[in-house]
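Heads up: the sequence lines are chains B and G, in that order. Take the first sequence: its letters are residues 1 to 312, numbered as in the working numbering. Take the second sequence: its letters are residues 1 to 530, numbered as in the working numbering.
No lab work stands behind these hints, which were simulated from the structure alone.
Taking CB as the label site, the calculated pair distances span:
id, chain 1, residue 1, chain 2, residue 2, range
1, G, 364, B, 63, 55 to 61 Å
2, G, 221, B, 30, 47 to 53 Å
3, G, 248, B, 28, 42 to 48 Å
Keep in mind the model is a prediction, meaning the values are calculated, not measured. Ideal placement from N, C-alpha and C gives every residue a C-beta, glycine not left out.
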Amino acid sequence: MAAYLTGRLLQTVPVLIGVSVLVFLILHLTPGNPALFVAGSDAPPEVVRDIERSLGLDQPLYVQYARYVSRLVRGDLGRSIQAHDPVLDHLVATFPVTLALASVGVLWTVLVSVPMGIVAAYRRNSALDLATIFAVLAGNAMPVFAIGLMLLYMFAIHLRWFPLTGYRSLATLDGWRHIALPAITVGSGVTPLLTRLTRSSMLEVLNQDYVRSARAKGVREAAVVIRHGFRNALLPVITVIGLQFGLLLSGAVITESIFSLPGMGRLVVQAIQARDFPVVQGAVLFFSLTFVLISILVDLGYAVADPRIRYG
Amino acid sequence: MRPMGRCLVSACVALALSAMPALVLGAPGAAPTFTYARTGETETLDPERTTAVASAEADFLIYDTLVSLDTDYTYKPSLAEKWVISPDGKTYTFTLRRGVRWASGKPFTAADVKYTLDRWRTLKGSPSAFAISPVETVDAPDPQTVVLHLKTPLSVLLDGLAGPFSSILNPDAVNKAGDDYGTAAGKVDGTGPFIVREWVRNDRMILDRNPNYRWGPPVFANRGPAHLGRVVLKVITQDAPRLAAVEIGDAQYTPSVPPQEVDRLTKEGKLQIIRYQDLNTEFIGFKLGHKPLDDLKVRQAINYGVNKREIVAGAYYGLGEPADEVLTRQVPGYWSGVEKIAYGYDPSRAKRILDEDGWKQPNPGAIRVKDGKPLSLLFLWTPGPEANSIVPLVQSELRGIGVDVRPRQLELTAFFAALRAGEHDIFLIGVQYTTADVLYFYFKSTQRPAPNRFDWADPETDRFLDISRTSTSAAERTAAYQKVQEIVVQNALWVPLVHAKRVVVASKQLVVPKIYNANQLYKMLDLDLK
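Extracted from the complex, chain B is given alone in its bound form (with noise of 0.2 Å):
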């Protein structure tokens, strides 16, 4: 197990790299200039000559990337171009939002996807299962955007259950608050998708041998079904959750916007809109450390789910 650890964390270096050298050519290709950002749009020409020059955009791009890797090794991300703090501030400050956002986002989407999931395929073909469909049908058809801003005009402006925009600490009843209209709208999107999965995971399971024997033993319905049936159709299910999660943690952009969640996807999108190189390369590199995290988490998690998986 250590062993085969130690390898896959070893892979992320390549990864890392990889990413590093991609991030930094797409943005130094792409049309538009942090300096012109940061002087304004009528800026005098020497403006623009002056913090060009300052930001070291007048020099190579070898030289600019090898700048960037000389101080990456060192562990410094850099600074912000627009706000001219670190960007390591800048991803300490918004990754716990994010985090809360995608983390309730996906629980959410357990809550209620699993369960459908399994009733709709026990009861297969019922008015259940039909309405299951027709819901998973409706969820896809229905961008998150609009998904997003139903809510908030009907229980934010509307009804008042819950606060219109903003982000507080989960410690506090009040940040559950303002979490949970943003984490159902990331959950819808999730959701339809991990439905259809554990209805029809739970199909195939159901109709195998063991599901038979279990009941033949006399076995509880409910355990045939969870303990037997559930737990064998596990697998795919725990796969497209942990995607889904890194997914959400690389930012839910629009959902951050919606509600005006000081998150890593609106970081990173103002980011991008400002050219703000160093913030975009370091919220870019460390979302993909986190994913490559969370694909090795679900790796283990399989080896819980199904006891036959052994690694190392």
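Since the structure of chain B is already known, use the hints to place chain G on it.
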């Protein structure tokens, strides 16, 4: 009811109860909390490192400037009680107000002003230092006097000194924080009416009243302390939730309202709808270096071919005035004679000019051609509520006179980069200004490739623009500005479209005695909640 159902209901009730709107006014007699729903986040609280509007909103609250700008565009005292300009316009002597203290408690002196202006002039990569570039030295002969020595006179120096980027800094705080100055709540100090208490980027900045503040500029009836006990600058970037925040009472003011909402809000009558006119011009600019825009006749025809009234009605929902002239009427230096030579909407005349200039239409409705080349123009623009409507309107109107317009939509940063690279034939942009010096920015030959995106290089224009900046005679400066306006219109360098009316929305409880033009609520000293 099953246990799970009971739990759900309890949770909902708990959430609903805790969702009671926060009390805005606090305890009886307490100074009220004012929540301002803003469109963007402050980049940095180091005013010398940014020109962003959102940073200015906070700078005006935290800091003070030497002079202040009144709503009639005259300059009034602020940290400087008075000032004297030498006859040659090259020496400005400021006498500072006594009794001013930093939020940290230290007395404010002339040495602080000298430090601030010296830092500003020499700060690497400062986007605004050019505003005082002619300043050669700054002296502080005594704690109450600051003297600025200029290489050449600069008629708009006071405008620069009234701007947010010229906020006076505490040297101790700057030196202590180093490169981190202005990046967090604890890394900033000012003499302004409010003190930063908390700053969560992209969410909220909370500022508490400075109880010792007594030195507000005379542009306010209340010189301090502020009536408001606390100001919360709340970032809500999306239009709909931001407006909703004011409508449901989560915020009491927003500076930006989608124009299509104004009619509904007015009819509902639940909020204050405040309209005001600042100095702004939305225009289409020509790249003179690109054929056929080097041809005056083509530029004139396009000027005659655009129906500005339709743009005001269609894109601005009537919230603006068609702009035939270069500058708004309110700006000192405006030349009324421009109205006699401006281009009104006259598509027949536009067609006639193009016909006479050799641009022939093979058949009615076709694109005009001259020497085998079509009259086709690349139109760069960046999306926005008004621009989204202006572009198709202009495209359709110009097509009506046989001019083909090829719009290319670019995201904001890419748009300005493309303009600087000179990729455009024509472009759509809006400009906001506080003085007629905007003419210098846009039409001086040394300002190419941007903000002189027209490629306009004319020795006569340059001469008048130099006079407008360096002459010590107000009459001479006004005459120079007027001459430049005449040149701009005669040469049809742009198509001025609209002077937009601004609309802000406030709750009925908010007392808003004045909107300080582009500075909006400025220092919020007169603002109160009933």
